[in-house]
Amino acid sequence: MNRLNLHTLGPIVALIALIILGAMLNPAFLAPANITNVLARSAFIGMIAVGMTFVITSGGLDLSVGSMAAFLAGVAIIAMNAVAPALGVHWGTILLGMGVALLGGLAAGWLNGALVTKARIEPFIVTLGTMGIFRSLVTWLADGGTLSLGSGLRTLYRPVYFGGIGWITWPIITFAVVAIIGEWMMRHSRFGRHVEAIGSNERVARYSGIDVNRVKLMTYVLLGLLVGLAVVLYVPRLGSASGSTGVLWELEAIAAVIIGGTALKGGTGRVWGTVVGVLILSLIDNILNLADLVSPYLNGAIQGVIIVLAVVLQREKSTADER
Amino acid sequence: MNRLNLHTLGPIVALIALIILGAMLNPAFLAPANITNVLARSAFIGMIAVGMTFVITSGGLDLSVGSMAAFLAGVAIIAMNAVAPALGVHWGTILLGMGVALLGGLAAGWLNGALVTKARIEPFIVTLGTMGIFRSLVTWLADGGTLSLGSGLRTLYRPVYFGGIGWITWPIITFAVVAIIGEWMMRHSRFGRHVEAIGSNERVARYSGIDVNRVKLMTYVLLGLLVGLAVVLYVPRLGSASGSTGVLWELEAIAAVIIGGTALKGGTGRVWGTVVGVLILSLIDNILNLADLVSPYLNGAIQGVIIVLAVVLQREKSTADER
Amino acid sequence: QDAEKKVIGVSIPSATHGFMGGLNWHAQDTIARLGKAYPNLEFVLATAGDAAKQVNDIEDMMATRNIDGLVVLPFESEPLTAPVKAVKEAGKFVTVVDRGLSEEGIEDLYVAGDNTAFGRVAGEYFKTHLPAGSKIVVLRGIPTTLDNERVEAFQKALGSDVEILDMQHGNWNRDDAFTVMQDYLSKYPKIDAVWAADDDMAIGVMEAIAAANRTDEMWVIGGAGMKEIVKRIMDGDKQLPVNVTYPPALISSAIEMTALRFVSNAPVTGRFIIGSQLITPENAAQFYYPDSPF
Amino acid sequence: MTVLALRNVSKSFGPIEVLHGVDLALEPGEVHALIGENGAGKSTIMKILGGFLDPTTGDLLLDGQPRQFTSGPQAEAAGVVVIHQEFNLAPDLSVAANVFLGREAGGFRLDHRAMREGTADLLGQLHSPIDPDTLIRDLSVPDRQMVEIAKALSRKARVLIMDEPSAVLTHREVGALYEQIDRLRGQGVAILYCSHRLDEVAHLADRITVLRDGRVVRQALRGELDENGMATAMVGRELQDFYPPKGHPSDALALQVTGLTVPGEVHGVDLSLRQGEVLGIAGLVGSGRTELAEGLVGLRPASAEIRVNGQPVHIRELRDAFAAGLAYLTEDRKEAGLLLEKDLRVNLTLATLERFGGFRIDTSAEDAALDRAVADFDIRAPRRDMQTGKLSGGNQQKLLLAKTMLPDPRIIIIDEPTRGIDVGTKRQIYAFIRKLADEGRSLVVISSEMTEVIGLSDRILVMRGGRIAGEISGPDMTEENIVRLAMGVSSEAA
Ligand SMILES: Nc1ncnc2c1ncn2[C@@H]1O[C@H](COP(=O)(O)OP(=O)(O)OP(=O)(O)O)[C@@H](O)[C@H]1O
Ligand SMILES: Nc1ncnc2c1ncn2[C@@H]1O[C@H](COP(=O)(O)OP(=O)(O)OP(=O)(O)O)[C@@H](O)[C@H]1O
Ligand SMILES: [Mg+2]
Ligand SMILES: [Mg+2]
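Residue numbers (our numbering), protein chains in the order written: chain A, -4 to 318; chain B, -4 to 318; chain C, 54 to 347; chain D, 78 to 571.
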């Protein structure tokens, strides 16, 4: 493909620059332990951002993913705690919790998608609404506090986040699989093609016999499912959920998608770009922790500057042909 | 205009429904004091949302307004405190503070606009970046705490928020004036026409000799200026600014714009709709506080449901014509 | 002397409201002070906006900064328990500040305020200073376990003679508190007192009361000892009879004691609970820190 | 044996009825031409046949049976394929992806190769060199049209409905299109063909239906109607003197361009234009005519030395060109010319708003200007406040012309002036162009219709590969000469 020019390489250049910067600041940066940490923690936002890539590519948006994750984590914990006395501290209980998170994600995604496609409301408004709803519900379920997984279950479940094959932990593996499947779907599946077509021009897609509403609905359902999957890996990490879980994940996920080169108005989806975007965002945080800055109050400013710079790199074209 | 059909009336219907609901739930709702409170509180988001209407109509977006407001408030307070010893507790000092807020808003808006138009970065990314930057800067300026206006100045400045003509306080008056001018500009000025044209089809605008970049830049500058104006009225209210000032104002402003019937993809701006949207959002909060609900944890959920419902009302059309 | 370099990590929530701002300030101030006093001590400070970010920060300190000790103010207890435990298991010295972990016996040192006392002391003041049948309103913080503890203790200490008309979340935020209070004032024709539970919220609340011209009708009690509020108590402001301490400076004590462990080999362990005290016009001067941002 | 037919069909949009009791029958193996003035209802008929619109009253008959299509794709499943007057391509997708959109090859995994090859095949049949991997966004207007045609050919059509397929094509591509039409006719496909090029209709059609104001006014078989007859039937009166007489340009130079270079597209072009002159520019698709014009008026980065009335001017952006008295009418009406969602008034005055009031836009002055434009250019719109995108294609083009002329420019560059415009109006526009020249204005007319360039121009430049391949004037202005220069065949006469 001759489309792999500077424009597409932009995010990768930014990523490499960050890696070099990190390695220069602190030699421990490239140690396997740090790499494992960074990759594993990117996994949550990463999987969500892969789903978000499809939603955005089809011309949609989802602001609810962070609250949805908190809500699903809460519900899964409640479910596991509820059956634990009956089933015992047992993988069955955990599988049930996972099932609840995934099915819940499916249902939540479906709700968003149905409101967008059937009730024809702007995705921004729909998901702003459900964002408030999910956030409220988890706060209410937790009675303003924290929902925690029973400690027996926590111990059993823990390896799902911390274990893996050598230093490649399960979240890394899952994220990689999701990213590869996502990239494959965007490029090589009919679904991906239709998602791009809808984002590019919805009327054309409809005239070509594509079931536009179904495809759009599916993007939200897919995203919901991936949020559920992220929750499955998140719960063993912290073992709890509260009203402050997943705050601002939606902004991070959307930012990753856009940094990766997917246009916010839809039409072109780049899943691998999203992965790079997620890594860039995680690395910024990591690097800020590696070095001692003037003031921690300025972290946000440095983060902001780097995000903008990362994107400047990929906007090198366009000045050419049309102004 | 025969375009004043159900579609456009949607938000107004929602507003009236909310007013009736509020009056039914609590008779104090219609008391002048409450009306003054709600209107005056709406003024900040309201003025910002009017500016946001122009940005969104031209196809842009600004996520930084909340942090920008916090930053400008901080800078204005610092400036006033700094000159107070020299100038004294005096209207001159306050006018200087106002000038700083307005000029700062102009500059901040110009920064966003320039990054969007000159560096050609997606507005979402630019303003996500500056959002982090402004927020960090104000936290840093306040040393993590709160910047407070000296109490003499405070007393002098206070009437700018609380005073007015009878129960119509200055924020209400300013908001009304901004809304009217905004609506006028969108409908009757060349600038408004150009903004709509650019959002509708940027290429056509360019081929019509419109200086697309300049107009876009101006929308951000206008928004910045209105953020400055909001700050001028915000500071006298509590006389302070901190890292938590204006958090999520951007979401509220954008939501108000979209509830009001302006399309997120640009092309059609409805300033009066935005005003209605702002009032809807304020009223929801007010009603939730006035009514006795099951649990305050569920406020967010009810808010979400009402926002979605308010928009459902205006999505009645579209299914018609061509397939 | 080239004593071996020791690194102490400090992980705290970021300055999203007044109290945390004060805490951030004290943490930085202490670090700067101790860094000068003990050249062989190095400090790593990280601030986090949510629990997950805080876990990341601690992971990074372990993986890349090779810390010997950790001072942590958990954003939330539950999610931080396992990660802090992992730090302890790696043989590091652990100091937990303010919010206890959900498992006992992990930390070497525990320095905390007393949330229950914070609510109780306030509740007792209301109980003793209001006649039976009085009506009050309450502003709550951001929904968290900590807020729940305070409010429960408050309600328990208050008893049933005084009626709580309403409790809404002001999120420890001046603007939110202002809005909520305005609406309380519209809703309730008679309010005898307000428990704002936090000094930031108290500021918003008082502004709303002043704007409604009902200043004489009710008094307000905040909490945490913000300097402006303490000053007004010192000056004998009628509307602010007292305040309840919850000093952000407790982070300083925690960092200092942890540092002591590394410079003196003194056996520093145990639990230090800094109780909540009532600030009254008489004792206010000793709670007044004019340099702190809080 | 009729495949698809309309029986007594009427169609209303809101209160306005645009078709009145139309009957039409399509036979297999026959090319049926549908002609009529702009806004007569041709596209509407085609959309009804293709399942994109429902008739308000009357029936659609497929194989003699009444049938209701609920959507275009459903009609397509029944073998009724439409090439729309406006493009139906997803700009962010590649050519191959568009051709196979909704019917992608491959099982679980898309078969990119099959689709690429299939597309290359179809384009090959059309003698088009477009690379199947190019994004539609990067194609020129004529190339997009070729993709549309390829896309339609890839569908197994029993009925092929083509709404002005040739309007944006040049000579050579039109030839390839005819070839395919002949092949399909041979295979027994029923073809409904709409065009404003009457020579084309005479050449292709086995049967002609003439529509006027939403009514069928004439049906004829091949040979029964010549071009003149068609025009008369369409317009309802005789048309004479199709092209106005040539003018008498003065010697004063209105525009001098030296060394115009648009990087990668146009290489050092010199041209000059006299006052009162109509200069034609001809060439094949991709010869760089549009780039030349857009570079000249500041719409593309370009370098050149430009003099207007002898004074040097710097044109860096379009506004500079406007200020120097230049105007440019784009060939890309939908993407660059008109705001399809906005009403007529907004579009008309968009480029000249500063003329309508100072601080406040004077809407009544705008309305007056629209009244004048509607009269001058014969714009037929059912309602003034309708979306421009709902105007018929030809009327959109007239609105665009009106918009371009509104600033009263001295030098006017028109890229494809009569694309999709009916004969009657074309004549008006030609007369109008000549009138402008006679008033002392200067015009550059870029056109892919050779008869038009020849009939209209005082002098013709022919472009090839971004350069001027030659200049012809007077009696040398013949199709043969133009083709020879455009294709780079050396002149036999020399
Ligand atoms: N969606 C619509 N809403 C309202 N009016 C419409 C709509 N579509 C078409 N019309 C009107 O119907 C009439 C017929 O339009 P149509 O597009 O069929 O004309 P046409 O014969 O194809 O003309 P042209 O040669 O210019 O393409 C026109 O007056 C047009 O404005
Ligand atoms: N935006 C673009 N990006 C890449 N290539 C383009 C773009 N626009 C046009 N081209 C290519 O540039 C060449 C010149 O096309 P253009 O259409 O401008 O020529 P032209 O002589 O004006 O022909 P016509 O007016 O008949 O289209 C073509 O090969 C076209 O495919
Ligand atoms: Mg037509
Ligand atoms: Mg061209």
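In case anyone wonders, no lab produced these hints; they're calculated from the structure. Bear in mind that the values here come from a model prediction, so they are computed numbers and not experimental data. Backbone N, C-alpha and C fix where the C-beta goes; we use that ideal spot for every residue, glycine too. Worth double-checking, as some hints may not be accurate.
Now the in silico label distances, taken between C-beta atoms and shown as ranges [what the hints assert, rightly or not]:
1. C:180 / B:157: 53 to 59 Å
2. A:150 / C:328: 31 to 37 Å
3. C:58 / A:101: 28 to 34 Å
4. A:150 / C:316: 33 to 39 Å
5. B:290 / C:281: 58 to 64 Å
6. A:208 / D:154: 17 to 23 Å
7. D:163 / A:208: 19 to 25 Å
8. C:328 / B:286: 21 to 27 Å
Taking lysine-lysine and the DSBU-like style, the derived pairs with C-alpha atoms no more than 30 Å apart in a straight line are [to be verified]:
9. A:113 / A:260
10. A:260 / D:467
11. B:113 / A:260
12. B:260 / D:323
13. A:260 / D:512
14. A:113 / B:113
15. D:512 / B:260
16. D:411 / B:113
Note to self: Hint compliance check: list the failing hint numbers for this structure, sorted ascending.
What the structure shows: Hint check: 1, 3, 5, 8, 12, 13, 14 and 15 fail, others pass.
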